[in-house]
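The task is simple: from the sequences and hints, build the whole structure.
Single-letter residue listing:
2 protein chains.
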Amino acid sequence: MSRSIIKLRSTIRLKEGCALKIGELSKATGASIRSLRYYEKQGLIAPLRTESGYREYHKFAVEQVKTIRLYLNLGLSTEQIAGFLHCVLTNKEVFCNEILPVYQQKLKEIDEQIQTLVRIRSNLEERIQSIVSEQTDNESMEGTNDES
Amino acid sequence: MSRSIIKLRSTIRLKEGCALKIGELSKATGASIRSLRYYEKQGLIAPLRTESGYREYHKFAVEQVKTIRLYLNLGLSTEQIAGFLHCVLTNKEVFCNEILPVYQQKLKEIDEQIQTLVRIRSNLEERIQSIVSEQTDNESMEGTNDES
DNA sequence: ATAGACCGTGACATTAATGTCAGAGTCAAT
DNA sequence: ATTGACTCTGACATTAATGTCACGGTCTAT
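Residue numbers (numbering that gives the first Met the number 0), protein chains in the order written: chain A, 0 to 147; chain B, 0 to 147.
Treat the hints with care, since some could be wrong.
One copy or any two copies: either way a pair holds, since identical chains are not told apart in the list.
Quick list of in silico lysine to any residue cross-link-like pairs, SDA-like style, CA-CA up to 20 Å [said to hold, decoys possible]:
1) Lys26 to Tyr37
2) Lys26 to Ile130
3) Lys107 to Arg118
4) Lys65 to Glu50
5) Lys107 to Val117
6) Lys107 to Ile119
7) Lys58 to His85
8) Lys91 to Glu124
9) Lys58 to Thr135
10) Lys107 to Gly29
11) Lys91 to Glu125
12) Lys58 to Gln103
13) Lys20 to Leu99
14) Lys26 to Leu106
15) Lys107 to Arg33
16) Lys107 to Ile21
17) Lys26 to Phe83
18) Lys58 to Thr115
19) Lys107 to Asn122
20) Lys107 to His85
21) Lys91 to Leu123
22) Lys65 to Leu123
23) Lys20 to Ile130
These are calculated hints, taken from the structure and not from any lab test.
This is the structure we're talking about:
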């Protein structure tokens, strides 16, 4: 219910051909139109153009964009992704020699970030603990004096 | 050796009085001049001004700035710090009621960040593992065929 | 009074991916 | 032809703390 009152054309064209317009690709992948244009500018995807200048995506672009977003979610930058994407799309991930060092580099970075966060975390915990225990001490002293 | 050829005036004034100029405070705390001005604009520190407009910091400002930087290193924002700094500077940290919820909120955020990173990390590791084991398989097969 | 170390303000840059807007053009259905 | 959904480009905004530059004023030792 309350599906959407606005009229959409996308469903019709989706059934028709195998060329996608940017809005259709956006809906099919979850990437915003803005992001799709950005990926293009970063060299991650290269749609054709119609005579009037509209982007024309092949239907395979859906999987390509999903792949891109997967790597982005892994914390890789568009630049890093560009470095191995052609290989991953051509072969399988396991056969792409360019991807392993990127993964390992990223793993190192992630480990460093985790270490930093863990260090901050224990510092925070200490501070919280000292405040809480101090307050507890005061309350129990007050209790000794005033309560019951 | 090679201490610094440029003539400095700071040492002299440091001995003289208890008012610090911004450059002196910067050297005493490790915060850049730019940062000190930024902290001021964010309401974290409020130096007096000389007639000519120079900032005049009380000597206690050294500890204040170090305190600010400590909290920044804990990942707190200048806005959060502003929320409890007056209290921390007046009382001790353990007696500042405003600081505990900020700490706990930050702890929550840190935990979430760690969780996210850990999830990404294991995803990366899986991918690395599948690539490495695939390559190892191929090499051992090659070995079976060609070697010895 | 001059040099040069210092300070003042204001502004722009950085980072990465995305949001958002304006102004204009396209397409399809009526 | 009109309407409305859609697309195009280009530009500016977001975030937070800091770097950096320009341009000008101040202080102090000589």
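Hints versus structure:
{"no.": "1", "hint": "Lys26 to Tyr37", "verdict": "within (16 Å within a copy, 43 Å between copies)"}
{"no.": "2", "hint": "Lys26 to Ile130", "verdict": "neither (50 Å within a copy, 32 Å between copies)"}
{"no.": "3", "hint": "Lys107 to Arg118", "verdict": "both (17 Å within a copy, 14 Å between copies)"}
{"no.": "4", "hint": "Lys65 to Glu50", "verdict": "neither (27 Å within a copy, 62 Å between copies)"}
{"no.": "5", "hint": "Lys107 to Val117", "verdict": "both (15 Å within a copy, 12 Å between copies)"}
{"no.": "6", "hint": "Lys107 to Ile119", "verdict": "both (18 Å within a copy, 12 Å between copies)"}
{"no.": "7", "hint": "Lys58 to His85", "verdict": "within (17 Å within a copy, 60 Å between copies)"}
{"no.": "8", "hint": "Lys91 to Glu124", "verdict": "between (45 Å within a copy, 17 Å between copies)"}
{"no.": "9", "hint": "Lys58 to Thr135", "verdict": "neither (64 Å within a copy, 35 Å between copies)"}
{"no.": "10", "hint": "Lys107 to Gly29", "verdict": "neither (29 Å within a copy, 29 Å between copies)"}
{"no.": "11", "hint": "Lys91 to Glu125", "verdict": "between (47 Å within a copy, 15 Å between copies)"}
{"no.": "12", "hint": "Lys58 to Gln103", "verdict": "neither (32 Å within a copy, 48 Å between copies)"}
{"no.": "13", "hint": "Lys20 to Leu99", "verdict": "neither (33 Å within a copy, 52 Å between copies)"}
{"no.": "14", "hint": "Lys26 to Leu106", "verdict": "neither (32 Å within a copy, 36 Å between copies)"}
{"no.": "15", "hint": "Lys107 to Arg33", "verdict": "neither (31 Å within a copy, 32 Å between copies)"}
{"no.": "16", "hint": "Lys107 to Ile21", "verdict": "neither (36 Å within a copy, 39 Å between copies)"}
{"no.": "17", "hint": "Lys26 to Phe83", "verdict": "neither (25 Å within a copy, 46 Å between copies)"}
{"no.": "18", "hint": "Lys58 to Thr115", "verdict": "neither (43 Å within a copy, 32 Å between copies)"}
{"no.": "19", "hint": "Lys107 to Asn122", "verdict": "between (23 Å within a copy, 14 Å between copies)"}
{"no.": "20", "hint": "Lys107 to His85", "verdict": "neither (24 Å within a copy, 39 Å between copies)"}
{"no.": "21", "hint": "Lys91 to Leu123", "verdict": "between (44 Å within a copy, 16 Å between copies)"}
{"no.": "22", "hint": "Lys65 to Leu123", "verdict": "between (38 Å within a copy, 17 Å between copies)"}
{"no.": "23", "hint": "Lys20 to Ile130", "verdict": "neither (58 Å within a copy, 35 Å between copies)"}
The structure shown violates the earlier hints numbered 2, 4, 9, 10, 12, 13, 14, 15, 16, 17, 18, 20 and 23.
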